[in-house]
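Asker: Here is how the chains run, residue by residue.
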Amino acid sequence: MELSIKHISKRYRGDIWGLHDFNLDIGPGVLGLLGPNGAGKSTLMGIIATITHPTEGQVLWNGEDIAKGPDSLRATLGYLPQDFGVYPHLSALEFLDYMAALKGIPAQAAQQRIETLLDLVHLREACRRPISEYSGGMRQRVGIAQALLNNPQLLIVDEPTAGLDPEERMRFRNLLSDLSGERIVILSTHIVSDIEAVATDIALIKKGHLLKHALPEALLQAVEGKVWEVVVSSDALPALKQRALVGSTARRSDGVHARLIAAAPPDNGAKAVEPTLEDAYLYFITGDTAEAQ
Amino acid sequence: MRQPRLLIELVRADFLERTRRYSFLITVGIMLYVGYMAVPPLETAMLTVNLGNMGGLRGIYNAAWIGSMIALLSSMVLSLPGFYLVKNAISRDRETGVGQIIATTPLSKVAYILGKLLSNFVFLVIIIGAIVMMAGLTQRIRGEAMRIDLLDLLAPFFFTTLPTMLLVAALALLFESIPFLRGGFGNIIYFVLYIAAIGISMSGVQFTSQGVIDSPINDLFGVTVIGASMLQAAHAVYPARTLNLGIGYTLAKGPIDTFVWEGVTWTPDVILQRLLWVGAAFGIALLAALFFDRFDPARSSRRQDARSNMRTRMIAPLRSLRLPIPNLSYLLTRAARTLPPSGRVLLAELHLMLKGMPWWWYLVTAGLIIAGASADDLQAQQGILLAAWIWPVLVWSKLGVRESLYHTKPIIFSTPHPLQRQFPAMWLAGVLITLLSGSGVGMRWLVEGTWSPLLAWGIAVLFIPTLALALGVWSGSSKTFEAAYIAGWYIGPVSKLAALDFMGVSQAARAANIPFITLGITALLLGAAFIGRQRQIYR
Numbered sequence: 002m003e004l005s006i007k008h009i010s011k012r013y014r015g016d017i018w019g020l021h022d023f024n025l026d027i028g029p030g031v032l033g034l035l036g037p038n039g040a041g042k043s044t045l046m047g048i049i050a051t052i053t054h055p056t057e058g059q060v061l062w063n064g065e066d067i068a069k070g071p072d073s074l075r076a077t078l079g080y081l082p083q084d085f086g087v088y089p090h091l092s093a094l095e096f097l098d099y100m101a102a103l104k105g106i107p108a109q110a111a112q113q114r115i116e117t118l119l120d121l122v123h124l125r126e127a128c129r130r131p132i133s134e135y136s137g138g139m140r141q142r143v144g145i146a147q148a149l150l151n152n153p154q155l156l157i158v159d160e161p162t163a164g165l166d167p168e169e170r171m172r173f174r175n176l177l178s179d180l181s182g183e184r185i186v187i188l189s190t191h192i193v194s195d196i197e198a199v200a201t202d203i204a205l206i207k208k209g210h211l212l213k214h215a216l217p218e219a220l221l222q223a224v225e226g227k228v229w230e231v232v233v234s235s236d237a238l239p240a241l242k243q244r245a246l247v248g249s250t251a252r253r254s255d256g257v258h259a260r261l262i263a264a265a266p267p268d269n270g271a272k273a274v275e276p277t278l279e280d281a282y283l284y285f286i287t288g289d290t291a292e293a294q
Numbered sequence: 085m086r087q088p089r090l091l092i093e094l095v096r097a098d099f100l101e102r103t104r105r106y107s108f109l110i111t112v113g114i115m116l117y118v119g120y121m122a123v124p125p126l127e128t129a130m131l132t133v134n135l136g137n138m139g140g141l142r143g144i145y146n147a148a149w150i151g152s153m154i155a156l157l158s159s160m161v162l163s164l165p166g167f168y169l170v171k172n173a174i175s176r177d178r179e180t181g182v183g184q185i186i187a188t189t190p191l192s193k194v195a196y197i198l199g200k201l202l203s204n205f206v207f208l209v210i211i212i213g214a215i216v217m218m219a220g221l222t223q224r225i226r227g228e229a230m231r232i233d234l235l236d237l238l239a240p241f242f243f244t245t246l247p248t249m250l251l252v253a254a255l256a257l258l259f260e261s262i263p264f265l266r267g268g269f270g271n272i273i274y275f276v277l278y279i280a281a282i283g284i285s286m287s288g289v290q291f292t293s294q295g296v297i298d299s300p301i302n303d304l305f306g307v308t309v310i311g312a313s314m315l316q317a318a319h320a321v322y323p324a325r326t327l328n329l330g331i332g333y334t335l336a337k338g339p340i341d342t343f344v345w346e347g348v349t350w351t352p353d354v355i356l357q358r359l360l361w362v363g364a365a366f367g368i369a370l371l372a373a374l375f376f377d378r379f380d381p382a383r384s385s386r387r388q389d390a391r392s393n394m395r396t397r398m399i400a401p402l403r404s405l406r407l408p409i410p411n412l413s414y415l416l417t418r419a420a421r422t423l424p425p426s427g428r429v430l431l432a433e434l435h436l437m438l439k440g441m442p443w444w445w446y447l448v449t450a451g452l453i454i455a456g457a458s459a460d461d462l463q464a465q466q467g468i469l470l471a472a473w474i475w476p477v478l479v480w481s482k483l484g485v486r487e488s489l490y491h492t493k494p495i496i497f498s499t500p501h502p503l504q505r506q507f508p509a510m511w512l513a514g515v516l517i518t519l520l521s522g523s524g525v526g527m528r529w530l531v532e533g534t535w536s537p538l539l540a541w542g543i544a545v546l547f548i549p550t551l552a553l554a555l556g557v558w559s560g561s562s563k564t565f566e567a568a569y570i571a572g573w574y575i576g577p578v579s580k581l582a583a584l585d586f587m588g589v590s591q592a593a594r595a596a597n598i599p600f601i602t603l604g605i606t607a608l609l610l611g612a613a614f615i616g617r618q619r620q621i622y623r
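Heads up: the sequence lines are chains A and B, in that order. Numbering of the first sequence is given in my numbering, commencing with residue 2 and proceeding in unit increments. Numbering of the second sequence is given in my numbering, commencing with residue 85 and proceeding in unit increments.
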């Protein structure tokens with residue numbers, strides 16, 4: 002099972018490039034897709050999900066070009082887009098029935114699968130109520146269930162935890178981890194902690210280019226010895242921000258505790274700290290592309 | 085100072101949003117064509133305004149005649165599509181979520197509605213502008229009178245068409261502000277009102293042995309003012325002729341006589357009559373402001389709760405009776421369990437089309453089927469068929485639109501074989517609903533062997549849902565089909581205009597092979613729908 006993205010570019014009207022010469026090989030596991038807004042994550046996922054045509058390049062699913070034969074991938078694809086809708090007059094059960102039929106799942110298998118998924122996403126009690134009466138989180142769980150209907154080999158989820166409460170978010174992260182063994186999961190999100198929890202490898206995207214594709218450990222190693230914590234007064238904070246990349250700040254009784262990313266200690270009192278994935282993300286995204294690569 | 089600026093920004097944003105679309109260019113293009121076609125060439129026997137009862141009679145194509153004729157036609161004709169074109173000013177803000185942001189600004193409800201009124205009006209004025217431009221050009225092309233008097237050309241538009249358009253703009257806002265008139269039901273109600281208004285306007289001017297009688301007070305479209313002036317001028321030139329004001333494409337029998345008409349004298353009285361409609365438009369806009377919920381989600385959810393409670397209260401006693409009330413959803417789900425995926429998709433598409441329809445809709449449908457099967461003479465059967473095939477208009481109009489309307493495109497288009505599995509199922513579901521709703525009359529004709537109407541019936545069963553699907557896929561809006569179908573249904577089968585009688589109700593249509601032409605158009609529409617869906621899937 003392999004997904005290969007070869008020299009993919011996507012040009013929109015007005016000569017705006019969503020992706021530019023993008024290359025990536027993905028194997029089983031959870032690939033965390035990280036990047037700022039407008040980096041091209043949704044464009045990339047639209048192309049892999051066969052609903053957006055690339056301007057140039059190829060996406061190969063087990064060696065087959067998905068632009069030429071999208072249905073072989075679609076048969077085994079689960080897709081949860083960032084903005085998706087459901088039919089408000091249908092119940093979750095009816096909607097999942099409909100989606101199962103569209104995915105070509107035989108009736109009996111569909112029934113069993115829907116039963117399992119309703120339990121998995123905790124919609125058993127509400128499954129016969131019209132979706133129009135659901136909360137945002139419940140609708141999101143219907144979306145998650147439809148993506149898993151055909152037990153997909155390739156699962157693409159775009160901002161899946163948006164609208165979920167902390168408990169549901171944790172449950173969904175666990176679900177993704179459980180699913181990842183025998184399939185490819187592509188998870189796109191702004192929430193670095195979601196990626197930290199489940200991703201087996203990470204792709205960083207910026208301005209339509211692949212900035213870095215590495216294991217989380219490798220990303221963390223790259224910023225090892227470059228993350229510092231200093232305590233400064235509130236007045237000194239703006240000057241500090243001019244000199245170094247400040248990742249986060251916290252006001253305490255002894256002053257402002259600032260977390261900095263810099264090659265050398267920015268201050269005599271700076272203390273080296275253990276880097277997190279968020280530090281690595283900031284280091285690569287805010288740094289110069291060439292230098293980061 | 086802030087309110088006028090907010091108002092101007094509101095109109096500007098709305099205007100840009102509406103005009104930066106291909107559909108706007110297409111609309112202007114159609115209007116230019118309509119403006120050109122409204123003045124038939126001199127060598128043809130076609131007339132758009134005919135004053136002769138027997139034979140053709142018209143004014144020469146000078147600025148006054150062309151300006152007045154096209155102003156009148158624009159006022160009457162554009163009031164229908166114009167309403168549907170602008171009836172999205174508030175709903176767009178609601179759907180995009182911009183409305184909730186606007187609601188937090190200091191803009192008052194009245195100012196918001198007046199801004200939207202202005203925006204609707206400006207949009208319609210631009211379309212009228214295209215027609216005016218073409219009117220002037222057409223006068224030169226036809227060349228019967230070369231002097232273009234701008235006052236004669238523009239005054240009828242100014243005093244006739246613009247007040248009507250302002251009223252249309254205001255009505256669109258009122259319909260958007262009242263919840264039960266927002267959707268397809270409101271579109272049908274407007275159509276009924278429009279037909280009634282046309283009838284009232286046309287009856288406002290009559291030619292009798294005593295001369296021209298006009299009563300302009302109920303005349304929304306300005307027919308009476310212009311029509312009476314035209315008839316009086318014609319009567320002065322041809323005193324022995326019986327006159328009649330005919331508006332719309334007609335083929336003159338025999339030669340066309342002409343006379344010189346210098347236009348309406350726009351006296352203060354006449355202008356005041358037209359200004360009354362401007363006042364009415366502002367009155368309607370203020371009424372709209374009264375109903376407008378200022379994008380308060382609590383008000384719509386309260387309404388939903390009230391509806392849901394009422395439903396529960398109504399159904400509870402029925403449930404306690406343990407009557408065998410059929411549950412469509414349950415029956416379809418049970419039936420689906422044994423079917424292959426394609427069959428289940430078809431049942432699900434049927435389910436989606438019918439879900440949300442109230443119980444009385446099924447009751448009326450059943451009534452029309454039974455009435456169709458029991459009616460004895462052909463005329464009664466055709467009348468029932470006309471009713472049976474306007475009743476499901478809101479069901480058909482969702483064909484090809486649902487995926488855009490509910491944002492389900494990405495998850496549906498990424499399923500395997502969407503063109504081979506979902507598209508045919510959707511079309512077939514539409515065909516089955518058309519077949520079922522007209523089945524009473526169809527069965528009767530089959531049993532009686534009324535072959536020619538039955539053949540036309542069978543073709544209409546294919547044509548109606550195919551038209552809905554094609555228009556839905558290409559326009560992305562259910563309004564396009566609702567407006568086009570209701571207008572076509574009225575002009576064609578109901579008014580028995582053979583060329584548009586797609587149901588083959590009139591003998592003339594069947595004799596002219598209109599059903600076979602409809603079948604050809606059906607095939608083209610199905611192809612267009614397929615290509616449109618293919619474009620949506622592989623963008």
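No lab work stands behind these hints: they were computed from the structure. Honestly, I wouldn't trust all of these hints.
[Claimed, not checked] Label-pair ranges, simulated between beta-carbon atoms:
id, chain 1, residue 1, chain 2, residue 2, range
1, B, Leu238, A, Gly164, 42 to 50 Å
2, B, Thr422, A, Asp179, 26 to 34 Å
3, B, Ala595, A, Gly70, 33 to 41 Å
4, A, Ile17, B, Phe264, 51 to 59 Å
5, A, Gln59, B, Gly560, 28 to 36 Å
6, A, Pro239, B, Gly367, 35 to 43 Å
[Unchecked claim] Partial list, computed: chain B residues near chain A (C-beta under 7 Å):
id, residue
7, Pro425
8, Leu438
9, Lys439
10, Ser488
11, Pro494
12, His501
13, Gln506
14, Pro508
15, Gly616
16, Gln618
[Claimed, not checked] Stretches of chain A that chain B covers, calculated by requiring three or more beta carbons in the stretch to come under 8 Å of a beta carbon on chain B:
id, stretch
17, 8–15
18, 161–174
19, 201–214
Just so you know, these numbers come straight off a predicted model, no measurement behind them. All C-beta atoms, glycine included, are put in the ideal place defined by N, C-alpha and C.
Asker: Name the hints, by number, that the structure is in violation of.
Answerer: Per hint list: 1, 3, 4, 6, 8, 10, 14, 15, 16, 17, 18 and 19 violated.
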